[in-house]
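Participant: Using the hints provided, position chains E, S and X relative to the given structure of chain Y.
There are 4 protein chains.
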Amino acid sequence: MTTQVIVLNGGSSAGKSAIVRCLQAVLPDPWLALGTDTLVDVMPASMLTSDGGIGFAPDGEVSVGPQFRALEAAWIEGVAAMARAGARIIVDEVFLGGADSQRRWRDALGDLPVLWVGVRCDAVVAAAREIARGDRTVGMAASQADLVHRGVTYDLEVDTAKTESLDCARTIAAHTT
Amino acid sequence: MTTQVIVLNGGSSAGKSAIVRCLQAVLPDPWLALGTDTLVDVMPASMLTSDGGIGFAPDGEVSVGPQFRALEAAWIEGVAAMARAGARIIVDEVFLGGADSQRRWRDALGDLPVLWVGVRCDAVVAAAREIARGDRTVGMAASQADLVHRGVTYDLEVDTAKTESLDCARTIAAHTT
Amino acid sequence: MTTQVIVLNGGSSAGKSAIVRCLQAVLPDPWLALGTDTLVDVMPASMLTSDGGIGFAPDGEVSVGPQFRALEAAWIEGVAAMARAGARIIVDEVFLGGADSQRRWRDALGDLPVLWVGVRCDAVVAAAREIARGDRTVGMAASQADLVHRGVTYDLEVDTAKTESLDCARTIAAHTT
Amino acid sequence: MTTQVIVLNGGSSAGKSAIVRCLQAVLPDPWLALGTDTLVDVMPASMLTSDGGIGFAPDGEVSVGPQFRALEAAWIEGVAAMARAGARIIVDEVFLGGADSQRRWRDALGDLPVLWVGVRCDAVVAAAREIARGDRTVGMAASQADLVHRGVTYDLEVDTAKTESLDCARTIAAHTT
Numbered sequence: 400m401t402t403q404v405i406v407l408n409g410g411s412s413a414g415k416s417a418i419v420r421c422l423q424a425v426l427p428d429p430w431l432a433l434g435t436d437t438l439v440d441v442m443p444a445s446m447l448t449s450d451g452g453i454g455f456a457p458d459g460e461v462s463v464g465p466q467f468r469a470l471e472a473a474w475i476e477g478v479a480a481m482a483r484a485g486a487r488i489i490v491d492e493v494f495l496g497g498a499d500s501q502r503r504w505r506d507a508l509g510d511l512p513v514l515w516v517g518v519r520c521d522a523v524v525a526a527a528r529e530i531a532r533g534d535r536t537v538g539m540a541a542s543q544a545d546l547v548h549r550g551v552t553y554d555l556e557v558d559t560a561k562t563e564s565l566d567c568a569r570t571i572a573a574h575t576t
Numbered sequence: 400m401t402t403q404v405i406v407l408n409g410g411s412s413a414g415k416s417a418i419v420r421c422l423q424a425v426l427p428d429p430w431l432a433l434g435t436d437t438l439v440d441v442m443p444a445s446m447l448t449s450d451g452g453i454g455f456a457p458d459g460e461v462s463v464g465p466q467f468r469a470l471e472a473a474w475i476e477g478v479a480a481m482a483r484a485g486a487r488i489i490v491d492e493v494f495l496g497g498a499d500s501q502r503r504w505r506d507a508l509g510d511l512p513v514l515w516v517g518v519r520c521d522a523v524v525a526a527a528r529e530i531a532r533g534d535r536t537v538g539m540a541a542s543q544a545d546l547v548h549r550g551v552t553y554d555l556e557v558d559t560a561k562t563e564s565l566d567c568a569r570t571i572a573a574h575t576t
Numbered sequence: 400m401t402t403q404v405i406v407l408n409g410g411s412s413a414g415k416s417a418i419v420r421c422l423q424a425v426l427p428d429p430w431l432a433l434g435t436d437t438l439v440d441v442m443p444a445s446m447l448t449s450d451g452g453i454g455f456a457p458d459g460e461v462s463v464g465p466q467f468r469a470l471e472a473a474w475i476e477g478v479a480a481m482a483r484a485g486a487r488i489i490v491d492e493v494f495l496g497g498a499d500s501q502r503r504w505r506d507a508l509g510d511l512p513v514l515w516v517g518v519r520c521d522a523v524v525a526a527a528r529e530i531a532r533g534d535r536t537v538g539m540a541a542s543q544a545d546l547v548h549r550g551v552t553y554d555l556e557v558d559t560a561k562t563e564s565l566d567c568a569r570t571i572a573a574h575t576t
Numbered sequence: 400m401t402t403q404v405i406v407l408n409g410g411s412s413a414g415k416s417a418i419v420r421c422l423q424a425v426l427p428d429p430w431l432a433l434g435t436d437t438l439v440d441v442m443p444a445s446m447l448t449s450d451g452g453i454g455f456a457p458d459g460e461v462s463v464g465p466q467f468r469a470l471e472a473a474w475i476e477g478v479a480a481m482a483r484a485g486a487r488i489i490v491d492e493v494f495l496g497g498a499d500s501q502r503r504w505r506d507a508l509g510d511l512p513v514l515w516v517g518v519r520c521d522a523v524v525a526a527a528r529e530i531a532r533g534d535r536t537v538g539m540a541a542s543q544a545d546l547v548h549r550g551v552t553y554d555l556e557v558d559t560a561k562t563e564s565l566d567c568a569r570t571i572a573a574h575t576t
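Residue numbers (my numbering), protein chains in the order written: chain Y, 400 to 576; chain E, 400 to 576; chain S, 400 to 576; chain X, 400 to 576.
Since the hints were derived computationally from the structure, they do not count as laboratory data. Treat the hints with care, as some may be off.
Note that the list lumps identical chains together, so a pair holds whenever it fits in one copy or between two copies.
Computed cross-link-like contacts, SDA-like style, restricted to lysine to any residue with a CA-CA straight-line distance of at most 25 Å [said to hold, decoys possible]:
| hint | residue 1 | residue 2 |
| --- | --- | --- |
| 1 | LYS561 | GLY533 |
| 2 | LYS561 | TRP504 |
| 3 | LYS561 | ARG468 |
| 4 | LYS561 | ALA472 |
| 5 | LYS561 | GLY434 |
| 6 | LYS561 | ALA541 |
| 7 | LYS561 | ASP450 |
This is chain Y alone, in the form it adopts within the complex:
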């Protein structure tokens, strides 16, 4: 059965986006890249400041309100529908809720052939890369590095602290069927 969806899960600054771009370059067919960042981009700017939306505390902690959750649930349904309609999709996610987050995606994706990939990065290295990105909010990398993997199960894990993005992508691509 051909892999239809690749789900990458990892903390902020773990290097997921770089792997996604490499995957899009090395996989023979065109894959769509849809992730948490895309969802935040297509939401109203007010969702970043309202109580019901998504909030980034000065220490890097992320809080998610009911309006965000409702839109996210519909978003996940839609992404699954795109895959069912034939698009190959790389989902680039931050499972803030660990196993609960994975369950939400698993329920929506149903019997689609999915490759679950954990993107690991040592918390100290991720925090250093967060500074290198020049983002104003520092702290997300450290607070999410382990949190997002709690209770999550994978077909494959890669470690960006030890392996270049392109090599991670090649390993992942070799596991697609």
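Facilitator: Just chains E, S and X, lined up with the frame of chain Y:
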């Protein structure tokens, strides 16, 4: 029946994105903004250079290949599924195929309550705004200004050459139910 | 004497950047575009959060500290030196200090041939365009619309609420010598 | 004598920008970051397509015409003037001309205290990172990796293939006086 989807159709540089941001600001609920630009962003970079993807000629003409069309079809299904799952969605589109493009969206959206909005802008004004945006490819605005409206039917039309984006958005918002 | 520097002054969301891009397109020679936004971009991210840097209050008011002022003074000297070394330069500025801001630039530019241009935009229109840009901080446009012109003298004024950017640029270009 | 200018030289995708952001974060005073990318950004878009400007061949080779060179010469003078006026400046450069490029900067910087830093990155690693960045033009990283260091002399060299950006930045910061 509550409006679930607003489809804005207009040529490049007609001012659709500005209206979308205003709509997201003035509509009381949070709406997702998904458009052609989003789709191009989530595709592999290679789709912008390969024969099967999307091409921008030096004169501004846009050509679309079979791989692009296949991904687009799945994308449209997914956006419709998001709306069915409860998300309110503003679709920001360039109907290069005129009535055919509208039919593709209409078929996918089915019996969802849709508000169809034409975003008009005089070709000369749109071409001037294209220069003001600093894009490298000049010519899309002029070539698309009329083309994208051929055979398309609307519930409402706005004209950004005569009306500020925020006022266009308020007019559109007043037509949602 | 050939115009060497064009200084555009106007409030946030008055449409200066669009005019700058049009000027770069219509002027026969290549001109560098350097402005307040460039300066903020090249400063450390911490300058946007530290007391000595530049701050944006929730109501849109901008406060500028001593460290920002010191770097800005050196920046202005450098831009003047670029012009003296032969580069033609469009300066895109927000004179928060009105006449005082203009004096700082005038002192640095010395006897270079400068065209001073006021970019006006009705406060209500500028505030509407601020919403259309989707910036998170709303209020700068309204608070700066008149403030930045206090005591400033111009060779030429344009009004983006009444005239498209490209036409403003053509008028300005016609005044260069 | 206090270091006033840090010049980083390295090929495309060697990781200079990440080091610059880390330097701005770890150095105790605010430093301006000005580089080749800034210069290209402030030039007219037409300089990327005209014969006299800067061109990027499909294989990644970069060609630079006389108009680009003239503006660049004035730019370098201006950056030196900013430093003389008191700003501390990190220059992020690609010495396409090797020793000749260094001479141009050395002549302009005169007796300012400069720290010259070579940013090395193995060509294969740089090429992999170029793919991870998702740029459309691939090939610059490989073609520039060695070229830009020919005949250039440094106070210090760092290697981003072996060392994280933040650690490179800390090493560089420790060499400032």
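Participant: For every hint, state whether the structure bears it out.
Facilitator: Cross-check of the supplied hints:
| no. | hint | in the structure |
| --- | --- | --- |
| 1 | LYS561 - GLY533 | both (22 Å within a copy, 21 Å between copies) |
| 2 | LYS561 - TRP504 | neither (28 Å within a copy, 37 Å between copies) |
| 3 | LYS561 - ARG468 | neither (34 Å within a copy, 39 Å between copies) |
| 4 | LYS561 - ALA472 | neither (34 Å within a copy, 39 Å between copies) |
| 5 | LYS561 - GLY434 | within (24 Å within a copy, 30 Å between copies) |
| 6 | LYS561 - ALA541 | both (17 Å within a copy, 22 Å between copies) |
| 7 | LYS561 - ASP450 | neither (39 Å within a copy, 37 Å between copies) |
Going down the numbered hints, you'll see the structure goes against 2, 3, 4 and 7, while the others check out.
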